[in-house]
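Peer 1: Chains as they are written, first to last, in our numbering: chain A, 49 to 365; chain B, -12 to 224; chain C, 720 to 1008.
Warning: the hint list may mix true and false statements.
[Stated by the list, open to error] Residues on chain C that point at chain B, a partial pick, calculated with CB under 10 angstroms:
1. Ala771
2. Ser775
3. Arg799
4. Phe800
5. Arg803
6. Pro804
7. Gly862
8. Leu865
9. Leu882
10. Leu889
11. Ser893
12. Ser894
13. Val901
14. Gly902
[Stated by the list, open to error] The calculated SDA-like cross-link candidates involving lysine to any residue, where the alpha carbons are at most 25 angstroms apart (straight line), are:
15. C:Lys1002 / A:Lys175
16. A:Lys177 / C:Lys876
17. A:Lys175 / C:Trp903
18. A:Lys177 / C:Val969
19. B:Lys57 / C:Trp903
20. C:Lys995 / A:Gly126
21. C:Lys876 / B:Lys57
Hints are computed from structural coordinates only; laboratory data are not their basis.
Quick reminder that beta carbons are idealized off the backbone N, C-alpha and C, glycines included.
Residues per chain, in single letters:
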Amino acid sequence: MAIDRKRLLLIAVLVGACVLPFLLTNYRNFQLTLALIYAISILGLNILTGWNGQISLGHGAFFAVGAYAAAILMSKAGVPYWATIPVAGAVCLVAGFLFGLPALRLEGLYLALATFALGVAIPQILKYKGIEIWTGGVQGILLTKPRPPEWLPFRLSRDQWLYFVTLFTSGVMFLLAHNLLQGRIGRALIAIRDHPIAATAMGIDTAMVKSMAFGVSAMYTGVAGALSAFVVGFVAPDSFNIFLSISILVGMVVGGTASIPGAIFGGLFVQFIPNISEEISKSAPWAIYGVFLIVFMFLLPMGIAGALRMLLVRFKL
Amino acid sequence: MAAILEAKALEAYYGPSPVLKRISFTVEEGGITAILGANGAGKTTTLRAVCGMVRTTGEITLAGQRIDGKATEDIVRLGVAHVPDGRGTFVDFTVEENLRIGAYARGDRRQIAEDMERVYGIFPRLKERHGQQAGTLSGGEQQMLAVSRALMLRPRLLLLDEPSFGLAPLVVQEIFRVMREINKTDKVSLLLVEQNAALALDLADHAYLLETGTVVISGTADQIRSDETVRKAYLGY
Amino acid sequence: MDAFLHQVFSGLAAGGIYASVALALVMIYQATHLVNFAQGEMAMFATYIAWALIESGFPYWTAFGLTVLIALAGGILIQRFIIRPVSNASVLTVVVVFIGMLAIFNAVAGWVFSHTVKSFPSPFPSKSVLGGLLSAHELGAMGITLVVLIVLYAFFKWTPLGLAMRAAALNPVSSRLCGVRVGWMLAFGWGFAAAIGAIAGMMVAPIVYLDPNMMSGILLYGFASALLGGITNPWGAVAGGFIVGVLENVLGAYVIGTELKLTVALVIIVAVLTVKPSGLFGKVLVTRV
């Protein structure tokens, strides 16, 4: 019975998600789209850090790679926007895997340190004059936001269309994650996280799994980056600073580590908290992020998703 | 004679189950008490319990003052020095720095310098090596250093965990001679834990025999020495 | 040749700052095996406090001294109330708490002091010395760094408290058996690290101007220096700082251009961690399986 309830809930949420854009303003749709984009990148980080225990404080770099890959393909090679998503994903899959190889030698704190360095350095790398022809230097690349296609039977605004594109992509990514993580691979990831030596002793190819986790995690974040490129309409180096990496981390912690639905809560949190709190002060979002990070670690280490799960169990829903 | 240390119904835990099961023992003021037993009997745990290094229930009193539940560093500051299992040497410090840190809890600067000279007098080898890194000393020298470090506290009560462990017989003799001496001259009470029962009974006035966390025999050293079960199991004759 | 020397000397001046930050990082790492990701923001915040004191009329060195004391107290409080409760938790928990502190310090600085870039005074005259190789401030900053290093060295080597702090970092169990209050020693270590960071911030602010993001790049250089020198070795950290400072300047001027300087730090960090994690002068840590 519980399984049917879950399915029902999922369908209700999906239906709601499809109906929502017709009830909201264009701006709100835009914000929701961004929240979904964050959710995808948070899920990416979660695969690596939540499920596999490899701490990354530099996922903004993969987001940037995906975004720039999409932007360059669109502006320089005329590739249609929807085709850039899988390409960006593939590029980041490879990039992540390659980064994951030296990362194998780094444990916990040291990996956090190395990825932190990457996260801090990436804007400078993106501004580098040597690759300016491709990246557009400090100004970045301006893109035209895609229009809804001709073959649609009904009228959609640009923001609504982009919302649906993102929703569809999210659905695919989340489904993929669900299948990956609920089975053997998910258990292998967790085994490596909690008992690395025992995992190796049981025959898991730890090195391969860890590097692949990095690759897949980067792929997800790269896909999110690509989406952000044409949803927002431009890419510029300073959008991809250390605070982007920290935002993704906040989303994971608040939403819930090792939780797929948690990514959605995290994405909503990271997108809307700044909007709400910026009224108070420009610095308020970061103060809130910081406080939430610390408070959640002390009181709610399993995030919102974990807390909800406990509530559901407590009230036998 | 008054007891300087008294334990009543002492239980000690590393996890959920007790390693010491409601044991009681005393150390007379100015006396030497030994706790004997095989590996795993709970001897080291007993010393750790006195120093607040493990979770305990029950009473431990030092010269009439309750010390159970206090933090290790506070118990030490009341005059209890502990030469631990494995010596606990600060391996990266020099010999002299090890002695200086032993005196940390005291305030009297000039007397600390005097005490250091005294310790060098007792163990001339330490004086030879005073600027050497403690980790490079031999086992015997590290034991001398550990005892000296404890003495730098000017303790009322000195706890020693297996002082003879892993040491050559001559060195052991030396250490035990020193222990007898500081007990007599400085009136330092001693509580030592030893697997080498013969040595311990030779030094101590009183002894307790621990087996898996309970006291099975207690009495004066002479009584324990002549007890048949002890002789057969621990003294080998 | 002249230009090259200039780069080297500038590098040494910057290196002094990196050495200070690296030293603060190593102090905390030695005592707790934790990397303080918030070190830069703490230093930045302390510098803002100094700025506020100077703005309200305190003479420079009084403000300097007060800031150092405030930073000392702040570091102690942070260790006691935020770090100690999580010191035995998982690595992820600890890292998240540090990042949280980073965010809070950054935000509060921006909120209280606004995000506009401010100038920060230097106690040294604004002229150049050593035949044009260094500005008086750069030389002065190096001097201050050296003074700090000497004071710390003397403190740790010769005072009982310094000995106790070293003991607590080296062997907390044995330290307790000598009556050392290990918890407080760790707190003092944090206090010292915060104070050193504050001094570094006050030395660098006149050069790069004061704004909430002032220290993020410098923190990276601090990490690179600490790792290069050996994160378990304070002297290594100092040496690492000067080496990184010179490398950064020379490479920036002659090899890769000034815009990619942070990448130098990144490359050093990744290279040291993958090739020789114990750094040039550190001890190799063996973990028992």
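Peer 1: Against each hint, give a clear statement of whether it holds in the structure.
Peer 2: Here's how the hints hold up against the structure:
1. Ala771: violated, 38 angstroms
2. Ser775: Where the cut-off is 10 angstroms and the nearest Cβ of chain B is about 41 angstroms from Ser775 (chain C), the hint is violated.
3. Arg799: violated, 15 angstroms
4. Phe800: This hint is violated: Phe800 (chain C) lies away from chain B, its Cβ roughly 19 angstroms from the closest one there, beyond 10 angstroms.
5. Arg803: violated, 14 angstroms
6. Pro804: violated, 17 angstroms
7. Gly862: At 30 angstroms from the nearest chain B Cβ, Gly862 (chain C) fails the 10 angstroms test, so the hint is violated.
8. Leu865: violated, 25 angstroms
9. Leu882: With a closest approach of 6 angstroms, the Leu882 (chain C) hint holds.
10. Leu889: holds, 6 angstroms
11. Ser893: holds, 4 angstroms
12. Ser894: Holds: closest Cβ of chain B sits about 7 angstroms from Ser894 (chain C), inside 10 angstroms.
13. Val901: Interface hint status for Val901 (chain C): holds (7 angstroms vs cutoff 10 angstroms).
14. Gly902: holds, 9 angstroms
15. C:Lys1002 / A:Lys175: violated, 38 angstroms
16. A:Lys177 / C:Lys876: Distance ~49 angstroms between Lys177 (chain A) and Lys876 (chain C) Cα, so the pair is violated.
17. A:Lys175 / C:Trp903: Answer violated: Lys175 (chain A) to Trp903 (chain C) is near 46 angstroms, above 25 angstroms.
18. A:Lys177 / C:Val969: It holds: about 19 angstroms lies between the C-alpha atoms, which stays within 25 angstroms.
19. B:Lys57 / C:Trp903: Holds - the C-alpha atoms of Trp903 (chain C) and Lys57 (chain B) are around 16 angstroms apart, at most 25 angstroms.
20. C:Lys995 / A:Gly126: violated, 45 angstroms
21. C:Lys876 / B:Lys57: violated, 30 angstroms
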